[in-house]
Amino acid sequence: MREKIIYILAAAAAVLLVRNLYVILLGLPDEAQQGPIYRIMFFHIPSAITCFIGFFAAGISSAIYLATKNPRYDAIDVASTEVSLAFATVVLATGSIWARIIWGIWWTWDARLTSMLVCWLLYASYLMLRRAIDEPTQRAKFSAVLSIFAFSDVIIVWKSIEWWRTQHPGPVLSIRTGGGRMDPAMEAAIYWNLLALILFGLVLVLVRLRQEETRREIDGMRQMAHAI
Amino acid sequence: MQQTKQRGAMSWVGNVAVIFGKDLRAELRTKEALHASLSFALVILLLFSFAFDPSAEQTHDIAGGLLWIVYAFAGTLILNRSFVRELPNDCLDGLIAAPIPAWTLFLGKSLANFVLVLAVELISLPIFGIFYNVRWAQQGWALLLVLALTTWGLTVVGTMFSALTVNLRIRELMLPILIYPIMIPALLGAMEVTGPLIAGKPLEGDLLTWVRLLVGFDIIFTSLSVALVSTKQKG
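These protein sequence lines map, in sequence, to chains A and B.
Numbered per the working numbering, the first sequence spans residues 193 to 420.
Numbered per the working numbering, the second sequence spans residues 15 to 249.
It is possible that part of the hints are untrue.
List time: in silico SDA-like cross-link candidates among lysine to any residue, alpha-carbon distance up to 20 Å [stated by the list, open to error]:
1) K351/A - G230/B
2) K261/A - V243/B
3) K261/A - T245/B
4) K261/A - A116/B
5) K351/A - K215/B
6) K351/A - V243/B
7) K261/A - L238/B
8) K215/B - L139/B
9) K261/A - A241/B
10) K351/A - I234/B
11) K351/A - A241/B
No lab work stands behind these hints: they were computed from the structure.
Isolated chain A, as found in the complex:
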């Protein structure tokens, strides 16, 4: 059953991605000021939102883990953190490429970029912490605490373009600005790609989750074998 869901979701994500690529590359015209490079935003913004959703899911499942001590939620925590970290890497990489073309520099130390880099470092240290602890319950407990701490930075990243005057462009989506900052057809393309990336991320999380469950099963069997 679970297999089938994964395949269906993956197929839906693939179809959507192809459809979106067609619209983004061939359907939409170049942007008036930025030229063709603006198309990178169709991956930059959805990746950012997807990774924030993933980190949020990790934070929630960490809190549930600390309350219930059910190892399932630890598996969700690590699966969605790993996938979100990959999306965060995409955000930083695409942002850098765009900045090189538009600003002429790869990187600048404004509030949005800095807090996003901090966010990336925090979740990278989360994965390092998991490697450093061998005992599973302790690992789950400590990494859940770190995951909740780290989520506080995600809020800073999200709000930074409102709190500080950043070189990074301000909010463009009409759910935050009330509309008028972007052509409706372009905004629709962002939402379609967001849907595609969320589905893709979900597929990765589900696959990683299954792997984590198998790993725990193998660990259990190994312990039993040692006991015998």
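We have chain A; now place chain B onto it with these hints.
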């Protein structure tokens, strides 16, 4: 647990005070973390004098940044020792088994670390002033406020993660990796305020915004840590 509750609402203050006193006494008898942290701070101050021209005017502008890098590094040494000190003779197990709520233990340890780190900062500040020819005391009280606010933020986060990493093989390596990224908002605010304060500017306008950031950081991370320590105790 039941007895603690019966002793009334003020008993948690007593618990915190006992842990606080115990940690300070233990540290002041050996002074190993204090000595290490202080000499480390001095060595970094010395190294900075090679990296930047100590007499140049620009050095005064980056004084805030320099000071907080020194404090963050030196503070980590003290925070690391806070729980490692409890490992010999299974003191940590004794503390966890003690009939007091885990968050009072946490607060007591945080307060002790706070006093120790603040002491290191207050000792190295005049030395910094002498080495770099900076008249740092013009806004003394405001500077003390910023020092106290930031140090509390650092010690709360640091004590929390010191507790998490104490059982790891590579705890000395993990602690800085975990805490510096989380501390960045506090360190950033402190650096932005400390520089102008040392230069003699009064605490107003833009500087107050950064102080507000520090207060917010302290409140958020103190309550988050206390809440998480309490849930961990149940499990």
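The hints, checked one at a time:
no.	hint	in the structure
1	K351/A - G230/B	15 Å, holds
2	K261/A - V243/B	15 Å, holds
3	K261/A - T245/B	11 Å, holds
4	K261/A - A116/B	18 Å, holds
5	K351/A - K215/B	29 Å, violated
6	K351/A - V243/B	28 Å, violated
7	K261/A - L238/B	19 Å, holds
8	K215/B - L139/B	18 Å, holds
9	K261/A - A241/B	16 Å, holds
10	K351/A - I234/B	16 Å, holds
11	K351/A - A241/B	24 Å, violated
In summary, the structure is inconsistent with hints 5, 6, 11 from the numbered list given earlier, while agreeing with the others.
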